Amino acid sequence: MVPALAALPLAGLLLFYAWPLGTLLARVLRPASVSDVLGSPGLGRVLWFTAWQALVSTAATLAIGFAPAYVLARYRFPGRRLTLAIVTVPFMLPTVVVGAAFLALLPDRLHDTAFAVVIAHVFFNVAVMVRLVGAMWAVIPTDLTAAARTLGASPVQVLRHVVLPLMRPALWAAASVVFLFTFTSFGVVKLLGGPANTTLEVEIARRATTLGDIDGAAVLSVLQVVVLGAVVWWSARWQRRAATAFAGGRTQRRARSRSERRWVPAVVVFTLAAMLAPIGAMVARSFRPGDRWSLTAWRTLGADEIRPGISLGVDPLASLLVSLRYAMVAMVISAVVGGLAALAIGAARRHGRLLDVGLMLPLGTSAVTIGLGMLITFDTDPVDWRAEWWLVPLGHALVAIPFVVRSVVPVLRAIPADQRAAATTLGASPLRAWYEVEVRRTWRPLAAGAGFAAAISLGEFGATTFLTRAGRDSMPIAIDHLLGRTGDVPRAQAFALAVVLFALTSAIIAVADREEVLDARGS
Amino acid sequence: MLEVRDLTVRFADRVVLDSLSLSVATSEVLAVRGPSGVGKSTLLRVVAGLLPPDSGGVWLDGIDITHLAPHRRRIGLMFQDEQLFPHLDVAANVGFGPRMAGASRAEVATRTAELLTVVGLEGFGSRRVTTLSGGEAKRVALARALAPRPAVLLMDEPLTGLDRELHDRLATELAAVLRSTGTTALLVTHDHDEAAMMADRTVVLGDDDV
Numbered sequence: 001m002v003p004a005l006a007a008l009p010l011a012g013l014l015l016f017y018a019w020p021l022g023t024l025l026a027r028v029l030r031p032a033s034v035s036d037v038l039g040s041p042g043l044g045r046v047l048w049f050t051a052w053q054a055l056v057s058t059a060a061t062l063a064i065g066f067a068p069a070y071v072l073a074r075y076r077f078p079g080r081r082l083t084l085a086i087v088t089v090p091f092m093l094p095t096v097v098v099g100a101a102f103l104a105l106l107p108d109r110l111h112d113t114a115f116a117v118v119i120a121h122v123f124f125n126v127a128v129m130v131r132l133v134g135a136m137w138a139v140i141p142t143d144l145t146a147a148a149r150t151l152g153a154s155p156v157q158v159l160r161h162v163v164l165p166l167m168r169p170a171l172w173a174a175a176s177v178v179f180l181f182t183f184t185s186f187g188v189v190k191l192l193g194g195p196a197n198t199t200l201e202v203e204i205a206r207r208a209t210t211l212g213d214i215d216g217a218a219v220l221s222v223l224q225v226v227v228l229g230a231v232v233w234w235s236a237r238w239q240r241r242a243a244t245a246f247a248g249g250r251t252q253r254r255a256r257s258r259s260e261r262r263w264v265p266a267v268v269v270f271t272l273a274a275m276l277a278p279i280g281a282m283v284a285r286s287f288r289p290g291d292r293w294s295l296t297a298w299r300t301l302g303a304d305e306i307r308p309g310i311s312l313g314v315d316p317l318a319s320l321l322v323s324l325r326y327a328m329v330a331m332v333i334s335a336v337v338g339g340l341a342a343l344a345i346g347a348a349r350r351h352g353r354l355l356d357v358g359l360m361l362p363l364g365t366s367a368v369t370i371g372l373g374m375l376i377t378f379d380t381d382p383v384d385w386r387a388e389w390w391l392v393p394l395g396h397a398l399v400a401i402p403f404v405v406r407s408v409v410p411v412l413r414a415i416p417a418d419q420r421a422a423a424t425t426l427g428a429s430p431l432r433a434w435y436e437v438e439v440r441r442t443w444r445p446l447a448a449g450a451g452f453a454a455a456i457s458l459g460e461f462g463a464t465t466f467l468t469r470a471g472r473d474s475m476p477i478a479i480d481h482l483l484g485r486t487g488d489v490p491r492a493q494a495f496a497l498a499v500v501l502f503a504l505t506s507a508i509i510a511v512a513d514r515e516e517v518l519d520a521r522g523s
Numbered sequence: 524m525l526e527v528r529d530l531t532v533r534f535a536d537r538v539v540l541d542s543l544s545l546s547v548a549t550s551e552v553l554a555v556r557g558p559s560g561v562g563k564s565t566l567l568r569v570v571a572g573l574l575p576p577d578s579g580g581v582w583l584d585g586i587d588i589t590h591l592a593p594h595r596r597r598i599g600l601m602f603q604d605e606q607l608f609p610h611l612d613v614a615a616n617v618g619f620g621p622r623m624a625g626a627s628r629a630e631v632a633t634r635t636a637e638l639l640t641v642v643g644l645e646g647f648g649s650r651r652v653t654t655l656s657g658g659e660a661k662r663v664a665l666a667r668a669l670a671p672r673p674a675v676l677l678m679d680e681p682l683t684g685l686d687r688e689l690h691d692r693l694a695t696e697l698a699a700v701l702r703s704t705g706t707t708a709l710l711v712t713h714d715h716d717e718a719a720m721m722a723d724r725t726v727v728l729g730d731d732d733v
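Protein chains in written order, with my numbering: chain G, 1 to 523; chain Y, 524 to 733.
Just chain G, same shape as in the assembly (with noise of 0.2 Å):
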C-alpha cells in the first residue's frame, strides 16, 4: 500500500524539483562560470547586505515581538483571541502585499532603504515570535516564577535566570526561522530595498531575468542553497538541545496591579496599530492617486487603458482571473499530492521519515531557486513545457505541498496504533480499517491545508517571476508592474490591487485553522 500511495508524490519531487536543481547543480559544475561569477564585482555587497539585513531584522524581530508575545501567552484581556489572529495574518501575507503596505505607509524619502526592508520584516516575523516563543511562554507554570521572586530574585533576576534559560530553546528556534525567511526575502526586498540594497534572491533573479547570465544565476543559487543548508544544520544542532515539558494550564491571568492595567493595554493597542497602520495606509492611498480622495484607481481596475489609446500593458482585473485559476490548480494538485503523501507516510510509520523529509525539502529552498530550476530544465523537447500556463501552478504546488503534508501527518501520527487493529477486530477489512480510521481523519485537515496552498499560490512571487508568460500575468506580478510604472493612476492601482489580494488572502486564512500553519512552517 505504501508503494502504491508514495507513487505520485515520489514521482513529482524527483521530476519537479530534484531533476531542475540537478540541472542548476550541472550548469555550476563548469570551473569558468564559478569563479568569474565569484569574482564579479558587487558581489561581495550583496552577500554582505542580505547576512546583514537578515541578521538585523532577526534581532529586530525578537527584541519587538518580546512585548506582545509576553502580553499575549500571559495575560487574559477582552478581545485576546482577535489580537492573537491579527498579529498572525501578517506571516501568512503575500510578500508583495507587505511590500506595497509598507511603500504606502513610509514616507517617500525612506523608500529604498534598509530601514524600509527590516521594518517590513518585523511585521512579516513578529507572529513566530508570538507563536513560538509566546507557546513556550504561556507553559512556563505562574508558580515557578513566583518561587523565584520568594526565593529573593527580582523581575529582571526572574527574566534573566529563570524564564529566558526554559526559553532558549524556543528563542533559536524562533530566531532561525526569521533568519532563513529574511535571508531569502524576496518580494520585500526587491519593493522596498532599491537598487542599492540587494540580496542574493534579488541579485538571482535580477541576472536571470534582466541580464540574461543563467550561468551567473545558477552559480549564486547553488551558493545560496549550500548556505541555508549550513545555517539548518547549524541550528539543528542547537535544537537538539531538549525543551523542557511542562504539564501545562492556564497561566494567563488578568491584569492586576495597577502598572499592569496601564501596561498592557498600551503593548496591545501599540501591536493591533503597528499591525494595522500598513494595511490601513494601503487601502488609503488605493482612494488617493495624487493629492484628492478619489475613486479612479479602483474604476479603471478593469481596464488596462487609462485613457482611450493609453496602454498600461497590464490588466489588473484579468490578473484576479489569472491569479485564481493558478490557486485552483494549485489547491488541487497540493491537495492530492499532499494528501496521497501524508496517507503513505502515516501507513509507513518510522519509514515515512525519508518522503516527509524529501516533500519539506522544497521549503528549504528559495522560491526563486525552484523557479529558476524549472525554467532552465523545461525548456527542450520533449519537455519544453515553458510556454505551458500550468507550469506556474505546478510550481506553486511545489512550495504548498509541505504545509499541507504538515497539518495532515500529525493528525495520523496521534492515532494509535491499535485503533486499526480494533477496527479489525470488530469485522473490518484491513483495507476497511485503513479508510475507517486514518483516511477519513484526514479531510479536515487537509481542507485547511488545501486552503492555505491556495492562499500561497496567490501570494507567490519568487518562483512566479521566472514561469509568468506575458499577458497571463498573476496578482503579485501585475502589482509589481505597476509599482514600477509613473504616474499616480497606476500606482493607486496598485495599492487597489493589493487591498484586493489581502482581502482574498486574509478571508482564506480565517477559513482555514491558523494554529496549524505556523506550527508547520516552525518544525
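Hint data in this document are derived by calculation from the structure and do not stem from the laboratory. Computed from a predicted structure; not experimentally measured. Check each hint, because a few of them may be wrong.
Said to hold, decoys possible - Cβ-Cβ distance ranges computed for the label pairs, FRET-style:
hint: 1; chain 1: Y; residue 1: Asp577; chain 2: G; residue 2: Gly280; range: 53 to 63 Å
hint: 2; chain 1: G; residue 1: Arg253; chain 2: Y; residue 2: Gly625; range: 22 to 32 Å
hint: 3; chain 1: Y; residue 1: Gly585; chain 2: G; residue 2: Thr142; range: 54 to 64 Å
hint: 4; chain 1: G; residue 1: Val156; chain 2: Y; residue 2: Thr683; range: 27 to 37 Å
hint: 5; chain 1: Y; residue 1: Ser578; chain 2: G; residue 2: Arg253; range: 20 to 30 Å
hint: 6; chain 1: G; residue 1: Gly280; chain 2: Y; residue 2: Ser546; range: 52 to 62 Å
hint: 7; chain 1: G; residue 1: Pro155; chain 2: Y; residue 2: Asp577; range: 35 to 45 Å
hint: 8; chain 1: Y; residue 1: Asp536; chain 2: G; residue 2: Pro155; range: 27 to 37 Å
hint: 9; chain 1: Y; residue 1: Arg724; chain 2: G; residue 2: Ala63; range: 28 to 38 Å
hint: 10; chain 1: Y; residue 1: Ser578; chain 2: G; residue 2: Ala284; range: 45 to 55 Å
hint: 11; chain 1: Y; residue 1: Arg687; chain 2: G; residue 2: Pro155; range: 39 to 49 Å
hint: 12; chain 1: Y; residue 1: Arg724; chain 2: G; residue 2: Pro155; range: 30 to 40 Å
hint: 13; chain 1: Y; residue 1: Thr725; chain 2: G; residue 2: Leu276; range: 53 to 63 Å
As the list claims (entries may be wrong) - Among chain G residues calculated to face chain Y with C-beta under 8 Å, some are:
hint: 14; residue: Pro141
hint: 15; residue: Asp143
hint: 16; residue: Ala146
hint: 17; residue: Ala147
hint: 18; residue: Arg149
hint: 19; residue: Thr150
hint: 20; residue: Leu151
hint: 21; residue: Ala153
hint: 22; residue: Ser154
hint: 23; residue: Gln157
hint: 24; residue: Val162
hint: 25; residue: Ala433
From the three backbone atoms N, C-alpha and C, an ideal C-beta is built for every residue, glycine too.
Fit chain Y to the known structure of chain G by using the hints.
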C-alpha cells in the same frame, strides 16, 4: 515575629479570607489546618507577597510589609508541588537564593553544601531535578527555601502526595530541620497528624470536622 492583621481577600464575589488575624513568634512553627477551599494557600500567597489583599496587612518584626515586593520580604515559600527549576541541577536550585542575593561563588557553594547536608542529600548536587524521587524533591525544595536564610518559611501542604511511611518519616525529619535551624515557620495543611507532628501550635480555619 510575623503578624497577619484583619486579612480579607475576595475573588470576584467570593470571600476567601474574612478578616483573618494570627501571629507566629520567632522560631515558632505554627500550623494552620482546615479543609480544602478554606483559603489556606491564599493566606500563604498574601504573606509571601504574591497576591495583594483586599484589606488588612502583614507585619514582620513590627514593620508593615503588606506592599513590599516578594523578593524583598525575606519570606520563603515551599510550594505544594515543589516548583524546582527544571533547567538547573540540584545544587543550582539550592544555591538560587544566595546567588540572587549576590553571594560569591564560594559562598554559594558552601551554603549549598551545608543545606544539602542538613536535608540529608550530600552528593546530590549534580543530579538533575527531574530524576529525583518524591521525597528527594521535597528535601531539595526545603533546602532551597532555607538557603537565603528567610525570616519566615511558609510551607504549603509540604508532605501531600507522599505515601504514608515516607510521609511520617519526612514529617519528623522536616520538624527536626526546622527546630535545629531555629526557623520561624507557617505551615498550612489539611492533615491533622502532619500539623501535630511538625508544629508547636495549631490554628484551625473553617469548620473543624475532625
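Evaluation of the provided hints:
{"no.": "1", "hint": "Y:Asp577 x G:Gly280: 53 to 63 Å", "in the structure": "violated (43 Å)"}
{"no.": "2", "hint": "G:Arg253 x Y:Gly625: 22 to 32 Å", "in the structure": "holds (31 Å)"}
{"no.": "3", "hint": "Y:Gly585 x G:Thr142: 54 to 64 Å", "in the structure": "violated (31 Å)"}
{"no.": "4", "hint": "G:Val156 x Y:Thr683: 27 to 37 Å", "in the structure": "holds (33 Å)"}
{"no.": "5", "hint": "Y:Ser578 x G:Arg253: 20 to 30 Å", "in the structure": "holds (21 Å)"}
{"no.": "6", "hint": "G:Gly280 x Y:Ser546: 52 to 62 Å", "in the structure": "holds (60 Å)"}
{"no.": "7", "hint": "G:Pro155 x Y:Asp577: 35 to 45 Å", "in the structure": "violated (23 Å)"}
{"no.": "8", "hint": "Y:Asp536 x G:Pro155: 27 to 37 Å", "in the structure": "holds (31 Å)"}
{"no.": "9", "hint": "Y:Arg724 x G:Ala63: 28 to 38 Å", "in the structure": "violated (53 Å)"}
{"no.": "10", "hint": "Y:Ser578 x G:Ala284: 45 to 55 Å", "in the structure": "holds (52 Å)"}
{"no.": "11", "hint": "Y:Arg687 x G:Pro155: 39 to 49 Å", "in the structure": "holds (41 Å)"}
{"no.": "12", "hint": "Y:Arg724 x G:Pro155: 30 to 40 Å", "in the structure": "holds (35 Å)"}
{"no.": "13", "hint": "Y:Thr725 x G:Leu276: 53 to 63 Å", "in the structure": "holds (59 Å)"}
{"no.": "14", "hint": "Pro141", "in the structure": "holds (7 Å)"}
{"no.": "15", "hint": "Asp143", "in the structure": "holds (5 Å)"}
{"no.": "16", "hint": "Ala146", "in the structure": "holds (5 Å)"}
{"no.": "17", "hint": "Ala147", "in the structure": "holds (4 Å)"}
{"no.": "18", "hint": "Arg149", "in the structure": "holds (4 Å)"}
{"no.": "19", "hint": "Thr150", "in the structure": "holds (4 Å)"}
{"no.": "20", "hint": "Leu151", "in the structure": "holds (4 Å)"}
{"no.": "21", "hint": "Ala153", "in the structure": "holds (4 Å)"}
{"no.": "22", "hint": "Ser154", "in the structure": "holds (5 Å)"}
{"no.": "23", "hint": "Gln157", "in the structure": "holds (5 Å)"}
{"no.": "24", "hint": "Val162", "in the structure": "holds (6 Å)"}
{"no.": "25", "hint": "Ala433", "in the structure": "violated (39 Å)"}
Checked against the numbered hints above, the structure violates hints 1, 3, 7, 9, 25; every other hint is satisfied.
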